[in-house]
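K.L.:
For reference, the chains in residue letters:
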Amino acid sequence: MARRDFIVGGALLTFTLAGCQKKMTPAQARAAEVPFRTLDAGNVAILDALGETLLPGSSGAGLAHYIDHQLSGDAADSMLMIKYLGVAAPFTEFYAGGLRATDALARAVYGKALTELSSGQATALVAKMSGGQVEGWQGPPAGLFYFVLRSDAVDVVYGTKTGFEQLGVPYMAHIEPPSRWGE
Amino acid sequence: MTNASAGLPHEPVDVVVVGSGAAGSNMAAHLAEGGKRVLILEAGPARGPGHLISSTLYARRVKWTGPPVLDEGKNPVGFVFNSAYGTGGAAMHHYAVWPRMHPEDFDMHSRHGRGLDWPLKYPDLAPYYDKVQQEAGVSGDATREVWRPPGAPYPMPGVPVFPQGTAIARGFTKLGKAVAPLPIAVTSTNYNGRPTCLWDGWCDSGCPIGALANPLTIHLPKATAAGAILVSNAPATRVVTSDDGTRAIGVEVTLDDGSRRTVTAKIVVLAAFAVENPRLLLASATPKHARGLGNSGGLVGRYIMTHAAGLVYGLFDEDTHPYMGAFGGQLVNQDSYPKTTHAKSGAFGSYQWMIAQAVKPNDLLGIATTRPDLFGPALHDFMKRATRGFAGMTSVCEDLPVTDNRVTLTDQHDRYGVPIARITHDTHAESVALWKASLAEGKEVMQAAGAREVWTGPPGSMHIMGGTIMGTASGNSVTNSYGQLHDIPNLVIAGPGLFPTSAGVNPTFTVHALTARSAERMLSNWQQIAG
Chain A
0 MARRDFIVGG
10 ALLTFTLAGC
20 QKKMTPAQAR
30 AAEVPFRTLD
40 AGNVAILDAL
50 GETLLPGSSG
60 AGLAHYIDHQ
70 LSGDAADSML
80 MIKYLGVAAP
90 FTEFYAGGLR
100 ATDALARAVY
110 GKALTELSSG
120 QATALVAKMS
130 GGQVEGWQGP
140 PAGLFYFVLR
150 SDAVDVVYGT
160 KTGFEQLGVP
170 YMAHIEPPSR
180 WGE
Chain B
0 MTNASAGLPH
10 EPVDVVVVGS
20 GAAGSNMAAH
30 LAEGGKRVLI
40 LEAGPARGPG
50 HLISSTLYAR
60 RVKWTGPPVL
70 DEGKNPVGFV
80 FNSAYGTGGA
90 AMHHYAVWPR
100 MHPEDFDMHS
110 RHGRGLDWPL
120 KYPDLAPYYD
130 KVQQEAGVSG
140 DATREVWRPP
150 GAPYPMPGVP
160 VFPQGTAIAR
170 GFTKLGKAVA
180 PLPIAVTSTN
190 YNGRPTCLWD
200 GWCDSGCPIG
210 ALANPLTIHL
220 PKATAAGAIL
230 VSNAPATRVV
240 TSDDGTRAIG
250 VEVTLDDGSR
260 RTVTAKIVVL
270 AAFAVENPRL
280 LLASATPKHA
290 RGLGNSGGLV
300 GRYIMTHAAG
310 LVYGLFDEDT
320 HPYMGAFGGQ
330 LVNQDSYPKT
340 THAKSGAFGS
350 YQWMIAQAVK
360 PNDLLGIATT
370 RPDLFGPALH
380 DFMKRATRGF
390 AGMTSVCEDL
400 PVTDNRVTLT
410 DQHDRYGVPI
420 ARITHDTHAE
430 SVALWKASLA
440 EGKEVMQAAG
450 AREVWTGPPG
460 SMHIMGGTIM
470 GTASGNSVTN
480 SYGQLHDIPN
490 LVIAGPGLFP
500 TSAGVNPTFT
510 VHALTARSAE
520 RMLSNWQQIA
530 G
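The listed protein sequences correspond, in order, to chains A and B.
Per numbering that gives the first Met the number 0, residue 0 is the first one in the first sequence, and the count goes up by one each step.
Per numbering that gives the first Met the number 0, residue 0 is the first one in the second sequence, and the count goes up by one each step.
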């Protein structure tokens with residue numbers, strides 16, 4: 000298995016570093032507005048809003064870029080938690096279907112898009128999803144989707160060397176992650 | 000390590016071993032050291048210590064990425080998390096908790112009318128536990144481990160106890176229960192040139208420094224030093240048998256370009272774990288073995304088991320340093336090992352506690368996942384509090400063997416044209432009751448220890464066993480006690496798939512002991528088995 004870094008798409012690569020692929024953290028990819036390869040703009044907006052509700056700061060940490068990057072590569076190299084949870088690869092439809100269903104739930108309950116909900120409304124919606132039983136939900140199981148996305152948010156915020164440091168957990172690596180995950 | 004197209008030998012070998020995990024590497028090492036020409040086929044990629052990156056995220060690449068497996072039933076076995084694809088197999092990322100099975104595990108049906116009997120007894124296996132623990136290095140304290148069956152003392156002292164372990168041990172002590180250092184195949188001292196563990200808790204990512212007894216550290220170097228050849232990216236897609244169906248004559252390998260090669264051997268060993276082994280036997284059906292190899296009794300694939308994990312957590316006022324130690328834990332308690340301990344709760348079977356496991360902030364077994372109900376600012380707050388005062392322990396609950404918990408073939412095929420496997424697993428009611436009883440005890444312990452918050456997790460699945468069980472005849476099992484198929488004696492199964500019952504302890508040490516015994520048998524009866 001090749002060690003693979005968090006590598007942005009080819010179009011940006013020549014553009015930025017004269018032929019060398021640029022290594023970035025998800026947060027850096029977000030700041031650089033690296034184009035998405037799998038998620039569409041609508042999905043990204045929903046993901047950003049949902050991420051902030053699940054774990055404030057996760058959107059800024061590059062949650063959408065992290066998921067997009069993982070969905071765009073070889074499934075064998077995927078680092079997404081979902082691979083542990085009995086869902087067969089590829090996982091793109093799981094995410095797209097879950098995001099669609101969440102937005103549809105917002106429209107059904109509040110009559111507006113998820114991205115337009117107040118913080119309180121978004122919190123109430125996510126609480127409903129976390130319980131797993133959501134009337135009219137059309138997508139992967141709501142509870143599973145909540146669990147997966149929440150785990151992804153935790154991964155980008157706390158699963159890195161920087162995240163460990165924020166909590167005061169010594170990282171103690173034998174072999175450092177080869178990307179700029181640690182910033 | 001060699002890639003398939005270049006590395007597959009054209010000459011016959013003495014033994015072809017399918018799988019490079021705990022069982023395959025052990026078998027290969029002992030047979031190669033016994034002078035046999037051994038080829039190890041690994042379906043997955045080549046992987047060395049440099050691939051074992053200290054990261055909960057990168058660790059997910061070390062898990063199963065092979066052909067899809069349908070993981071179904073009320074209580075799925077968690078196949079992807081509990082297995083692996085590539086050099087070292089699942090043992091590459093196992094936590095090396097190596098307790099012995101107890102004498103009562105081997106004749107449970109005779110004693111209690113539950114489950115099945117093994118075709119051997121504890122004294123038959125004890126010498127091999129002793130041999131393997133010396134070879135691989137196990138840390139522990141045989142005297143303090145009052146539940147331990149007879150055996151040689153551990154070659155290394157017990158692992159250190161950090162504040163998380165001290166906090167939980169207080170609860171056990173207050174309730175009059177004993178704890179002892181967890182027997183674990185991790186170096187508590189320098190051992191045979193291997194360094195002492197740093198207690199950094201990166202076991203799940205795979206230990207690259209040689210402190211944990213994974214195949215890269217122990218048996219693969221021994222195997223290759225003795226001349227065994229390991230070929231990666233070489234999926235076995237069929238076991239080839241003689242025209243009369245009485246012997247295995249080799250293994251067909253399908254390469255990435257779709258071409259197929261058959262490697263011929265005098266003995267074929269399947270050590271591809273509890274799901275892939277029955278899949279391969281079923282997928283290798285011939286007119287002589289229409290239901291699959293070794294399946295004259297209709298038992299291939301049956302009795303799949305997994306330990307239900309009883310997850311109990313506490314939050315303490317003291318700083319528990321929960322990130323220190325080994326991933327498997329620091330201490331053990333086996334007071335609930337006698338099978339009828341919790342009979343009043345409708346439970347049957349054994350369990351042990353793995354106490355004070357090192358945790359990371361994220362991941363399936365990480366701190367955040369212990370409270371999946373929390374999100375938003377409350378989750379941040381919990382993460383900060385738990386990093387200081389978190390403590391956890393896990394019961395390893397025996398899973399009674401059920402005939403309909405099984406591996407079957409589906410009508411879908413993988414990219415090599417082999418039918419993909421479906422696993423169906425519903426936990427036996429008495430095993431569910433055992434898991435519940437363990438949670439009740441665990442909460443009591445945490446409260447006695449002084450935790451100000453105590454909570455539990457859902458029934459996780461740990462380890463996969465059964466599917467090609469051993470026994471005395473084809474009417475009750477697939478193999479004999481050495482793993483030889485009753486129907487085809489030079490086709491040998493190795494690994495936890497042989498277990499007729501799951502016991503209440505982690506399986507890898509027993510896998511090693513059984514494999515060492517089987518290898519010794521093959522060498523001493525070579526002519527009879529190899530023909």
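Read the hints as simulated data drawn from the structure, not as lab findings.
Errors might be hidden in some of the hints.
Claimed, not checked - Straight-line alpha carbon distances no greater than 25 Å define the calculated DSS-like cross-link-like pairs of lysine-lysine that follow:
(1) B:K435 with A:K160
(2) B:K62 with A:K127
(3) A:K160 with B:K343
(4) B:K173 with B:K343
(5) B:K343 with B:K221
Claimed, not checked - Among chain B residues calculated to face chain A with C-beta under 10 Å, some are:
(6) G49
(7) P67
(8) P159
(9) T245
(10) A284
(11) T285
(12) K287
(13) G375
Unchecked claim - Just the calculated beta-carbon pair ranges, DEER-fashion:
(14) B:T261 with A:G135: 42 to 48 Å
(15) B:K383 with A:A74: 30 to 36 Å
(16) B:S258 with A:G135: 37 to 43 Å
(17) B:K343 with A:V108: 42 to 48 Å
(18) A:D76 with B:R387: 58 to 64 Å
(19) B:P159 with A:A87: 49 to 55 Å
(20) A:G130 with B:G257: 29 to 35 Å
(21) A:A87 with B:S258: 42 to 48 Å
(22) B:S344 with A:T114: 32 to 38 Å
(23) A:A172 with B:D243: 33 to 39 Å
(24) A:D39 with B:K343: 40 to 46 Å
(25) A:A126 with B:L363: 19 to 25 Å
Note that the structure is predicted; figures quoted are calculated from it, not measured.
We put the beta carbon where it would ideally sit given N, CA and C, even for glycine.
K.L.:
Hint says 49 to 55 Å; check whether the CB-CB distance for P159 (chain B) and A87 (chain A) agrees.
P.N.:
Violated, since P159 (chain B) and A87 (chain A) (Cβ atoms, about 42 Å apart) do not stay within the stated range.
K.L.:
Would you check whether T245 (chain B) satisfies its interface hint, that is, whether its CB is within less than 10 Å of any CB in chain A?
P.N.:
violated (39 Å)
K.L.:
Hint validation: G375 (chain B) versus chain A, beta carbon distance must be below 10 Å. Holds or violated?
P.N.:
holds (6 Å)
K.L.:
CB of K383 (chain B) to CB of A74 (chain A), is that within 30 to 36 Å?
P.N.:
With a Cβ separation near 34 Å, K383 (chain B) and A74 (chain A) satisfy 30 to 36 Å, so the hint holds.
K.L.:
Does K160 (chain A) lie within 25 Å of K435 (chain B) when you go C-alpha to C-alpha?
P.N.:
violated (37 Å)
K.L.:
So the hint says 42 to 48 Å: do the beta-carbon atoms of K343 (chain B) and V108 (chain A) match that?
P.N.:
At 47 Å between Cβs, range holds.
K.L.:
Kindly confirm whether 37 to 43 Å is satisfied by the beta carbon distance between S258 (chain B) and G135 (chain A).
P.N.:
violated (51 Å)
K.L.:
Given the proposed pairing of K62 (chain B) with K127 (chain A), does the C-alpha separation stay at or below 25 Å?
P.N.:
violated (32 Å)
K.L.:
Using the C-beta atoms of A87 (chain A) and S258 (chain B), is the stated range 42 to 48 Å upheld?
P.N.:
At 27 Å between Cβs, range violated.
K.L.:
Please work out if K343 (chain B) and K221 (chain B) have their alpha carbons no farther apart than 25 Å.
P.N.:
violated (49 Å)
K.L.:
Range hint 19 to 25 Å: satisfied by the CB atoms of A126 (chain A) and L363 (chain B)?
P.N.:
holds (23 Å)
K.L.:
Hint says 58 to 64 Å; check whether the CB-CB distance for D76 (chain A) and R387 (chain B) agrees.
P.N.:
violated (35 Å)
In this structure, the earlier hints numbered 1, 2, 3, 5, 8, 9, 10, 11, 12, 14, 16, 18, 19, 20, 21, 22, 23, 24 are contradicted, and the remaining ones agree with it.
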